[in-house]
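Protein sequence lines correspond, in order, to chains G and R.
Using the working numbering, you'd call the opening residue of the first sequence number 1 and step up by one each time.
Using the working numbering, you'd call the opening residue of the second sequence number 1001 and step up by one each time.
Keep in mind that the hints are not guaranteed to be accurate.
[As the list claims (entries may be wrong)] Straight line, CA to CA, 25 Å or less: simulated DSS-like cross-link-like pairs of lysine-lysine: (1) Lys539/G to Lys1057/R; (2) Lys611/G to Lys1057/R; (3) Lys566/G to Lys1057/R; (4) Lys236/G to Lys1057/R; (5) Lys1057/R to Lys561/G.
[As the list claims (entries may be wrong)] Here are the in silico distance ranges between beta carbons for each label pair: (6) Gln1004/R to Pro572/G: 56 to 62 Å; (7) Arg1099/R to Gln555/G: 34 to 40 Å; (8) Arg1099/R to Pro312/G: 29 to 35 Å; (9) Arg349/G to Gly1028/R: 53 to 59 Å.
[What the hints assert, rightly or not] Just so you have them, the derived chain G footprint on chain R, three or more residues with Cβ under 8 Å: (10) 1004–1013; (11) 1033–1046; (12) 1055–1066; (13) 1080–1089.
Don't read these hints as lab results, they were simulated from the structure.
For every residue, glycine included, the Cβ atom is placed at its ideal position computed from N, Cα and C.
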Amino acid sequence: MEEPEKLVCDGIARGYVPPEVLSISPRLRLYSSSSATEVDPITYEVIRNTLLNINLEHGQTIQKLSISPITMIVRDFQCAILTEVGDVMCLGPYLLYLGNMLALITKWILENRSDEPGIQDGDVFLCNDPYVGTSHQQDTGLTSPVFWEGELFCWVANSVHYSDVGGPVPGSFCLASEDIRQDPPCFPPMKLAEAGKLRVDVEQLFLRQSRLPSTVDMDLHAAIAGLNLARERIIKLIQRYGPEIVKAVIDEVMDAGERAVVEKLQMIPDGRWSERVYTEVSVPGDRGIYVSQINIVKEGEYLYVDNEGTSPQVGAINNTYAGLAGGVLAPLTIMLGYDLAGTSGGLYRRVKFRPVFGTITCADFPAPISTAGVYNMPMVVATATGAVAKMIACADSPLREKAIGMADVHAYGGWIFNGINQHGQFFVGMSAGMATGALPASPVRDGVDTGGLFWVPGMEASNVEENEMAWPVLTLYRRENAAGAAGAGKFRSGLGAEEAWILHGTEQMDVHVYMDESFVKNQGMMGGNPGGRAFFKVKRSTDVNQMLANGSIPQNYDELKGEEEKTFFKGPPIVLKRGDIWCTNLPNFAGFGDPLRRDPELVAKDLADGKLTVHEAQIVYGLVLATDGSVDVDGTSAYRESRYLKRLGTIAKSPLKSSS
Amino acid sequence: MERQQVLIGDNLRLARVEGAIYFICACGQTLGSGDENFKDYCLVEESATASIGAGYKASDQGMADQVCFREFFCPSCGLRQATEIARVGDPYLSDIQPRL
Ligand SMILES: [Zn+2]
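Okay, chain R solo, but in the shape it has when bound:
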């Protein structure tokens, strides 16, 4: 049986639209084609890890300044699709690439 779509968690899917394959947010917004990183189509906020909230306060600011917290939001509905703790300047991790 051929797959028509792949549900990725519960708010993102990979689906065929008029012959092409796209990542699609639960709101219907496309987030790039199936061979791209959907994060490249999100709004991205980068902040200090301590800003996530209580329980994230850095014990060594010099070390903590080398990394950041990234949030990837759907540009249409504002849903947070992904987060990353990443070294400042490192590329976004292309981490979810199912195929149809």
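Looking at chain G on its own, in the form it has when it is part of the complex:
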């Protein structure tokens, strides 16, 4: 049989994987420092912090000038300063998995554009091609070189989620796509600005694809403004301190970050850790179950990561190498790079990827990628989080305390919708219901209730009023979930949140993306319960408007009268109408350890706080209360002992075994 042609990781046939040493045209002159430059500690800190602040100001500029709630309020974007060869020096406290993608895009440009058309001062490259280095087409990257006296000194870059970049579905999440040519278009890197001048032809090409060209243009200009600001500030810094000093600081920040990570790696035994997460439905109507697996081998002072065990690429549930690498680096940044203040480049140097291509988490062209932002990317982060957390839980103290369990597997609580808004205009909305978040449990403490998504540290949940202003909806209530079984453990997960909505100011609205899991996908940690099941519920023809007319605001979805609609994971679009009520739920996430080992006083506190019922306290945690309502310590011990004995008496060894 003929050998299949070996695909190269060129960003065209399969996801771009940069070589250790880039192939850059000699036409492009790179600034290289003299390694002998010494910087005194005070100057070092001043310049380091200035660079970090420049990057933060870059992010704040995007946030202030953009008009899409997902960017302006939720902060679903990223910005970074990169070295002259495209390594991340620092990134912002935003969507962490985007950081390495900016490096991939920039390195691809250095290898593929430095000769023709060339890279010049004042250029801005635009790229939304997932095979080059984006999570999906909507997360479009801009990257711009910073030159000093004709030499490429560094790069500034950002990635922003644009509300609609074309394709057959409003919002561009194409759930039924089975080929990337049924997705929104992919643009490999091209010059959006050349030598300081915006190319209106390229701008128009990008906007022409969108159903919301004005909104996308405003957000695009916000992103350009962020780059311009960062570039100008870096030039001023170089003018003040000289290029040798600034470059020496950038190099030392990378080296110091790497040393800090090596110190932590020395606290971890060598070994191998894995996590496996199941997903479902590759395209609407499919009934399949699919696997995402991440394995981490720690050997000496390096981590080697692969996705062996993952299902072959299929339907519309794929991401490219960029998504795999970014999704793994995000939890590593939190658990190994928590003290780096965003200077993650040194960490990235210690992580080596051995991807299995042709899989749903490292797909080859032409697998469609547009849905990855809400399905695959959180799933890769979750899978990697499980593997990283187990590794960190084996580390010496105090590093082991930094392990944190799995958060959402898909963008739970989120939903994407469109229609005519209360102002009579077409709109596409993306509700980041995951933004309220919940911090999962760790080996030493409970998670944090509605504590945000840990892999988007700067993410903020929008205010109800902001949503009601932007979209034709009213929120009936938004509240924390109960503690219960979901996310229970010796240490329990933080609590997620539920929100119920009705239409307002319009007659109907289409929902294309909603998260109604058939079954729970989260994995518990070290004997803890998994997180709960995410759901999206719709009740038709309710009496909600009558209740509102009578002056009462319904506070419980289940108590409203109406016809419950049967929903499915990736079911057909739902048309919401006046009188309907719908409810989104972000479940609690992973618990840590056997719930029967939970400190009875912590169970009692959740009871006293109204977060747990007496029944659940007994069933889930084996708590026994005295007649005065206090914890019966002896009774609890005896009851828990009976539960352990019951396990021993009734459960047999399973004939199944693990894989070798």
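Position chain R with the ligand relative to chain G; hints supplied.
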């Protein structure tokens, strides 16, 4: 400094016993040697995901029937050492293999 043991969470460890390396529960029960999956030495209960409790009810039973909830208990003390949501019939995930 050579490691004498690896603490895995707070109720499992990998340790040397008379020259050999074992997974050991907090109660002292060994759960296989260091190059094996400790889950293979546990009592295992497999049930429907909905049985975990409130908050796990399946919305689509046909899909949910394809997966299960696994609990791995120490055969000596009954402590739950691990859980898995898994496709029915898939092997136990060998997920924690530190080395001494
Ligand atoms: Zn035991």
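Structure-based check of all given hints:
| no. | hint | result |
| --- | --- | --- |
| 1 | Lys539/G to Lys1057/R | holds, 18 Å |
| 2 | Lys611/G to Lys1057/R | holds, 20 Å |
| 3 | Lys566/G to Lys1057/R | holds, 14 Å |
| 4 | Lys236/G to Lys1057/R | violated, 59 Å |
| 5 | Lys1057/R to Lys561/G | holds, 21 Å |
| 6 | Gln1004/R to Pro572/G: 56 to 62 Å | holds, 59 Å |
| 7 | Arg1099/R to Gln555/G: 34 to 40 Å | violated, 54 Å |
| 8 | Arg1099/R to Pro312/G: 29 to 35 Å | holds, 31 Å |
| 9 | Arg349/G to Gly1028/R: 53 to 59 Å | violated, 42 Å |
| 10 | 1004–1013 | holds (count 7) |
| 11 | 1033–1046 | holds (count 8) |
| 12 | 1055–1066 | holds (count 10) |
| 13 | 1080–1089 | holds (count 9) |
When held up to the earlier numbered hints, the structure conflicts with 4, 7 and 9 and fits the remainder.
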